[in-house]
Amino acid sequence: MENIPTASVVCSGFETVAKNECRRLGMPEIGWVLVEYPIAGLEPTDIENKARLAYSTIVDILTKDRDYPKALPQSDSPGKTKQTIRLTGDSVNEILEKLNASFNKFRWSDGLPLVPPTVEAVNEMLSGVSLRPDHVVGLLYPNQGKATVEKIAINGVMAGCKPDYMPILVAAIKAITTREYNQETNLLSTGGFFPVVVVNGPIAKKAGINAARNVFGPGWRANATIGRAVRLMIINIGESWPDYNDMSVMGHPGKYTCCIAENEESSPWPSLSEELGYPKGASTVTVMPGLFMGYSGTSGGSNPEDVLQPLCDQLCSTNSTSSIVPWAQTLAVLNPIHAKMLHKAGFSKQDVKQYIFENTRHSIEKYLRMVKVAVYSPGELAKFHKNFSTWPGSTVPMHGSPDRIRVIVAGAEGTQSVFIRGFHGDMVSCEVPT
Amino acid sequence: MEKRLFVDILNPRGEVETQYRKPAPRVSDLKGKTIGLIDNKKAGGREFLEIIKALLEKNYLGIKFVDLSKAFGEKYRMKNYIDQLRGIEAAIYSTGD
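So the protein sequences, as listed, match chains A and B. Residue 280 in our numbering sits at position 280 of the first sequence; the count goes up by one each step and never skips. Residue 529 in our numbering sits at position 95 of the second sequence; the count goes up by one each step and never skips.
Keep in mind that a hint or two might mislead.
Unchecked claim - Output of the computed footprint for chain A on chain B, the stretches with three or more beta carbons under 8 Å from beta carbons of chain A:
#1 442–451
#2 454–465
#3 484–495
#4 523–529
As the list claims (entries may be wrong) - Calculated lysine-lysine pairs in the BS3-like style (CA-CA distance at most 27 Å, straight line):
#5 K456(B) with K19(A)
#6 K386(A) with K465(B)
#7 K383(A) with K504(B)
#8 K280(A) with K162(A)
#9 K465(B) with K487(B)
Said to hold, decoys possible - Not the full set, but computed from the structure, chain B residues with beta-carbon under 8 Å of chain A:
#10 R438
#11 L439
#12 K476
#13 A477
#14 G478
#15 G479
#16 E481
Hints in this document: simulated from the structure, not taken from any laboratory. Computed from a prediction, not measured in an experiment: that's the story for all the values here. All residues carry an ideal CB built from backbone N, CA and C; glycine is no exception.
With the hints as extra help, turn the sequences into a complete structure.
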């Protein structure tokens, strides 16, 4: 709130996040008291000791004037304001080494070798869309950097993208920078959130995005580089970095790249794009803040339960805050054989969603145990469920409604399907620009 | 040996526009003031604030409090939170975990 003096309690290990937030908000670095991590899991006397130690600093912050800096804190990212950077060397190899060494040092890289974003390469990338280079697609967190079409192209080149991928990159950033995606929470969280990019329509084929065997694995330039470009943009335009403001405890391999196409040719149902209201044949990009991924396999059987129950059981076996908050979403990725089997049994996509909704429920004992370590109280979450009961034998659904579940078909024909659980934001779709 | 090759590359970093914000004036005294005690619902944060509350009550006559527990990502409730905090003159924000 504006004009309210505030003392913020910051745990050790999070000072850089606090400093960065001050810089982002244009505030001088005041107003916080540092407390030794952790606060959670302590005996009451230990919390009391920490509070007593912090007390006088809190009072000082609220009541004592001091000389504040009169100018904005400066960014600590070197070379930030330069439009071009000249790299010199005796050989191409030396120049490439310099590029990677310096970009890693500046925190402008994901750690993998980069493609030099030369003026020529970026101009070629810009030819992939008819938007002006200075058009701002959105503001990327954590620092609300301007994702202009040019900056998207620069990071796209660095990732190894082709000009044909530009419309997909623009649509992905447009989706991520919506209010519904909630990037300001999932990009800074201690969870290992990764943007899951799903592409539908003719653009997927044009770009050569794999939708079949090894769909989440390596081998396709489009899959590898589109997801990578999204991460590079979060790093370079959003200024996200581990320990700086990305506080993910474990990270996730999906943070390097996660981009697939829906296998529309092998699907017996309308595509994700059509399900979300786009006309048949539209090219869209859907992005979801994924938290974790799980596999389910079947050993055979031709009943819907043989396909869906293992997936539901696997989903229910998870144990995190996202497993109990009813607004978290699930993306079920069914392989074509599973999808055809379900369709043959008379299941529409809506039937699949209904089945998953009804069969992903926690026992009340497990639910109350998980709620204890989550940040919400049972009473608060109960408001989202009809007929919530704590009687022994009761169960609580993982999802608030079947509409929190989305289903796509991807991968090869086989016995495995996959789910991705999302949280701290919704799946958002955007049509690709021309 | 003179360097013979060079490459000009474009800066991938985004432009960030921030405006300087002057910190809010401090309260001269906490006696009789209304203080917002805000935590992020993570474990330990509220307990920490309750100790601070007890110490403030002991030392500042007439001090009052508005308690608010606000979880991350609850942007849909932001208007409610701001309404709840109207009238506070200072705030203490504790992040548990």
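Quiz item: For which of the previously enumerated hints does the structure constitute a violation, in increasing order of number?
Solution: 6
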